[in-house]
Each structure stands twice: as structure tokens, then as C-alpha cells.
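Chemist: Please build the complex by placing chain L on the supplied structure of chain P, with the hints as guidance.
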Amino acid sequence: MQTRDLVRVSLFAALIGALGLTPRFDLPIAAGVPVTAQTLGVMLAGVVLGARLGAISVALFLFVVACGAPLLSGGRGGLGVFASPTAGYLAGWIAGAFVVGAIMKILMLRSIFASAFIASTIGGILVVYLFGIPWLAWSSGLSLKAATIATATFLPGDILKAIATAMIARSYFHAYPRAGFVPL
Amino acid sequence: MIGRPLSKRTWLHFLPAGVKLLFVAMATIIFFWVQNPIVLLISLGLVLSVYFAAGREAVLRLKLFRFLLPILIIVGLFQFASSGFFDALTSVSRLALMILIADLVTMSTPMMEMMDAFLPVLYPLRYIGLDPAQLALAFALVIRFVPVLLDDWMRRREAWRARGGSRGSWRLVAPWIAGLLSIADRIAESLDARGFRRD
Numbered sequence: 001m002q003t004r005d006l007v008r009v010s011l012f013a014a015l016i017g018a019l020g021l022t023p024r025f026d027l028p029i030a031a032g033v034p035v036t037a038q039t040l041g042v043m044l045a046g047v048v049l050g051a052r053l054g055a056i057s058v059a060l061f062l063f064v065v066a067c068g069a070p071l072l073s074g075g076r077g078g079l080g081v082f083a084s085p086t087a088g089y090l091a092g093w094i095a096g097a098f099v100v101g102a103i104m105k106i107l108m109l110r111s112i113f114a115s116a117f118i119a120s121t122i123g124g125i126l127v128v129y130l131f132g133i134p135w136l137a138w139s140s141g142l143s144l145k146a147a148t149i150a151t152a153t154f155l156p157g158d159i160l161k162a163i164a165t166a167m168i169a170r171s172y173f174h175a176y177p178r179a180g181f182v183p184l
Numbered sequence: 001m002i003g004r005p006l007s008k009r010t011w012l013h014f015l016p017a018g019v020k021l022l023f024v025a026m027a028t029i030i031f032f033w034v035q036n037p038i039v040l041l042i043s044l045g046l047v048l049s050v051y052f053a054a055g056r057e058a059v060l061r062l063k064l065f066r067f068l069l070p071i072l073i074i075v076g077l078f079q080f081a082s083s084g085f086f087d088a089l090t091s092v093s094r095l096a097l098m099i100l101i102a103d104l105v106t107m108s109t110p111m112m113e114m115m116d117a118f119l120p121v122l123y124p125l126r127y128i129g130l131d132p133a134q135l136a137l138a139f140a141l142v143i144r145f146v147p148v149l150l151d152d153w154m155r156r157r158e159a160w161r162a163r164g165g166s167r168g169s170w171r172l173v174a175p176w177i178a179g180l181l182s183i184a185d186r187i188a189e190s191l192d193a194r195g196f197r198r199d
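Going down the list, the protein sequences come from chains P and L. Using this note's numbering, the letters of the first sequence correspond one by one to residues 1 to 184. Using this note's numbering, the letters of the second sequence correspond one by one to residues 1 to 199.
In isolation and in its complexed conformation, chain P is listed as follows (with noise of 0.2 Å):
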């Protein structure tokens, strides 16, 4: 890996971790509720860093966690959070990241806010819940279609983070036009 790629895909996993312990903002649409969320920061990373990069800088953060640094969400980390029954849904932020470059990629819409909100929809929604899901039931014994009520209570949160997703990416291939992303 080039010594660029490598060091920007560091400092974007100290940025997931940096999401997950204390900025706080609030979206227009969701009216004063708070967004705090770091699959916000793996969406994030498929829409910047793109496909391959973006998966790797997910990888590297959760990696950093399994060693141990308490920088998911609620100052958690270590091994413990890979052997509890959500771990499917870290394991799917690798993929989603990897879905949402992939498909920001493929679509280049006329609107970028469109191109970004799809793709965190399918790689940072639908494929997380892919891994997250069959793995909470699994693991704790559930069947199936609990685990998928239980998951659903997180979609409209998640739902509201891919509008995030998608405003961000607007203002910032907009405000930065170097960083690569090129409409039709």
C-alpha cells in the first residue's frame, strides 16, 4: 500500500473512533434530535476513501478495538464486544463500507446527494443488517424473525444517518471538487 493510502486510511479509523466518542450534531430534518453515530463514519468512509480503502479503514478500526481501545461507541472494546451477539453487525460494517464506495462509484448520478444516500442505504443499512442479523440469532438462540424485529427498532436512526451520509458527501465533494468525485 502506498504511504498515502496507508495514512489516510489510519487517520479515518481514528475518525470512526473519534464519531463514536463525543460530536454531537443536529440535522435540520430530524428536528433537535441528536445524531451521534459511528455508522455514520463507515458510510462515510465507503463515500470518501471509496470501495477497497474504506473497507480497510473499518477493518483497522475494529482491529484497534479487539486489542482493546474503548473507542466504540459508550467507550467500549476489546474481545468482549466480538463475543457478544451484535458483533455481526461490526463484521458487516466491513462489507458496508465496501458496498457503499462500490455502488458510489457504479452510480455517479447527476446528484451526488441521491448517489450517496443509495449507497448507505444498500451497504450501510442493508448489508450490515445481512451480517448483523442472522448473527444475533444464531449466537443468542433466537429465531430469525425476532432478531429481525429487534434490528428494525435501529432503521429509522440508521435511515436518518444515511441522510446525514448524504448531505455531508454533497457539501463536501462540492466544497472540495479535488477529492475525486465527478457527477455526469
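Please note that the accuracy of each hint is not assured.
As the list claims (entries may be wrong) - Ranges between beta-carbon positions, derived for each pair:
| hint | chain 1 | residue 1 | chain 2 | residue 2 | range |
| --- | --- | --- | --- | --- | --- |
| 1 | L | V148 | P | H174 | 24 to 32 Å |
| 2 | L | A133 | P | I106 | 30 to 38 Å |
| 3 | P | S111 | L | A81 | 45 to 53 Å |
| 4 | L | D131 | P | A95 | 20 to 28 Å |
| 5 | L | S49 | P | L155 | 35 to 43 Å |
| 6 | P | L109 | L | P120 | 41 to 49 Å |
| 7 | L | R163 | P | L107 | 32 to 40 Å |
| 8 | P | M108 | L | R9 | 53 to 61 Å |
| 9 | L | R144 | P | R110 | 38 to 46 Å |
| 10 | L | V148 | P | T148 | 34 to 42 Å |
| 11 | L | R126 | P | A95 | 19 to 27 Å |
As the list claims (entries may be wrong) - Under the rule of at most 25 Å between Cα atoms (straight-line distance), these lysine to any residue pairs were calculated in the SDA-like manner:
| hint | chain 1 | residue 1 | chain 2 | residue 2 |
| --- | --- | --- | --- | --- |
| 12 | P | K145 | L | F86 |
| 13 | P | K145 | L | A81 |
| 14 | L | K63 | P | S73 |
| 15 | P | K105 | P | A87 |
| 16 | L | K63 | L | W33 |
| 17 | P | K145 | L | D87 |
| 18 | P | K145 | L | A159 |
| 19 | P | K145 | L | L69 |
| 20 | P | K145 | L | G76 |
| 21 | P | K145 | L | F80 |
| 22 | P | K145 | L | D185 |
| 23 | L | K63 | L | H13 |
| 24 | L | K63 | P | A87 |
| 25 | P | K145 | L | I74 |
| 26 | L | K63 | P | P70 |
| 27 | P | K145 | L | R126 |
| 28 | L | K63 | P | Y89 |
| 29 | P | K145 | L | P70 |
| 30 | P | K145 | L | S82 |
| 31 | P | K145 | L | F85 |
| 32 | L | K63 | P | G75 |
| 33 | P | K145 | L | I71 |
| 34 | P | K145 | P | F131 |
| 35 | P | K105 | L | G179 |
| 36 | P | K145 | L | Q35 |
| 37 | P | K145 | L | G84 |
| 38 | L | K63 | P | F131 |
| 39 | L | K63 | P | F82 |
| 40 | L | K63 | L | S49 |
Treat the hints as calculated values from the structure; they're not laboratory data. Here a beta-carbon is modelled for each residue, glycine too, at the ideal position from N, C-alpha and C.
Modeler: Chain L only, in chain P's frame:
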């Protein structure tokens, strides 16, 4: 579950990290096959006694598992409704057991030692272009830059507030990321200037 290792050294600290990881892997596989709630509860008692033996700090650590309670309660209720008391007890005690065993390793192993223990497993990554030697640098950068990025966020937020903004806005995120990437590129340049290139 809070990752930080204990500050006081316990007897667990003297085992090599690799041995502890192997132990956790084996325990996880074995306990997945145990269906008897009594065996699981006894094992849970044994693991808890390790926590108590490791001292006060380790016991206080148990409090940090509170966030797991809702998950365990939901799993327990669902199981109770669908297949009865014993299955619910089995699932819940197995989950608690595996998480507590895994955390014993985290509790007693410094982060860098843990990374070294993982390296042999990650060696095959070389074949898809990821050099494990680069991992050490990446690891250190992540740890170092979390506080730097948080500080950067706080400064941006202060400036935003001073100009009449609310407590923080999504509008701050894009420049935050752009700033991060430009810092990253400067770091990469200075690393290369000092001879760090391993393509």
C-alpha cells in the same frame, strides 16, 4: 468491556497474550456445544471468581457490562416465550459467559502486546497487498489521532458557536474530513521523506 487493561498487574498478566487468545478461542468453541444450563452456570461462577480474585478494579469492571443487560433481557424473554425457561437460561448464561471470558484477556493484556499476538494470524494479508509491518504504524496513528481529531472537532464547534451556530451542525463534518485528509497527506509526505516506503 471498556477496553483499557487493568492498571494493576494480576497473575493473568504473566501469561503470554497468544496463549490467552488460544484459550478464549477454545473456550468459545466448547461452550457453543454445551447445552446444559447447569454446566454453563457453574462455568459462569468460575469465571466470575477469576474476576473477584483479580482484585477490586476487575470487579468494578463488571459494572461496565450494564449496557448488555437490555440485550440479555430481550434474548431471555424471547427464548422464554418460544421454548421455555431452560433454553432461556442456557442462552443467556452462555452469552454472558463468552463475553466475560473474552474480556478477561482484554483486561490482562496491554494493547501493544495484543497487537503483536495477532500479527502471525494476519500474516496471510501480505498476499492481498497489506504488509503486517505497516500495520504497526497504522495502529499507532489511529491511537494517536483520535484525541487530535476530537480536539479539531471541538475547535471547529467553538468557532461555529461563536458565530451564532447551535451546539454543532452537520455542516462541520465535511470540512473536518477535508482537514483530516490534508493532514494525512502531509504526514505521508514526511514519512516518505524519512524513508518510510514499502510498496
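Chemist: Starting from K145(P), check that the Cα of A159(L) is at most 25 Å away, please.
Modeler: The hint is violated at about 48 Å.
Chemist: Using the C-beta atoms of R126(L) and A95(P), is the stated range 19 to 27 Å upheld?
Modeler: At roughly 22 Å between Cβ atoms, A95(P) and R126(L) fall inside 19 to 27 Å, so the hint holds.
Chemist: For K63(L) and G75(P), compute the direct alpha-carbon distance and say whether it is at most 25 Å.
Modeler: holds (13 Å)
Chemist: For K145(P) and P70(L), compute the direct alpha-carbon distance and say whether it is at most 25 Å.
Modeler: holds (18 Å)
Chemist: What's the verdict on K63(L) and W33(L), does the C-alpha distance respect the 25 Å limit or exceed it?
Modeler: Violated, at roughly 28 Å.
Chemist: Per the hint of 41 to 49 Å, is the separation of the Cβ atoms of L109(P) and P120(L) within bounds?
Modeler: Given a distance of about 45 Å, which is inside 41 to 49 Å, the answer is holds.
Chemist: With the threshold set at 25 Å, check whether the alpha-carbon distance from K145(P) to I74(L) stays at or below it.
Modeler: The hint holds at about 14 Å.
Chemist: If you check the beta carbons of S49(L) and L155(P), does the distance land in 35 to 43 Å?
Modeler: Holds, at about 41 Å.
Chemist: Has the given pair, K145(P) with I71(L), been kept, meaning a C-alpha gap of at most 25 Å?
Modeler: Since the Cα atoms of K145(P) and I71(L) sit roughly 16 Å apart, the hinted pair holds (cutoff 25 Å).
Chemist: Below or equal to 25 Å on CA atoms is what counts here, so check K145(P) against L69(L).
Modeler: Roughly 21 Å separates the two Cα atoms, so the pair holds.
Chemist: Is the straight-line distance between the alpha-carbon of K105(P) and that of A87(P) 25 Å or less?
Modeler: Given that 25 Å is the threshold and the Cα spacing comes to 28 Å, the pair is violated.
Chemist: When you check the alpha-carbon spacing of K145(P) and F131(P), does it fall within 25 Å?
Modeler: Holds. K145(P) to F131(P) sits at ~14 Å (cutoff 25 Å).
Of the numbered hints given earlier, the model fails hints 15, 16, 18, 22, 27, 38; all others are met.
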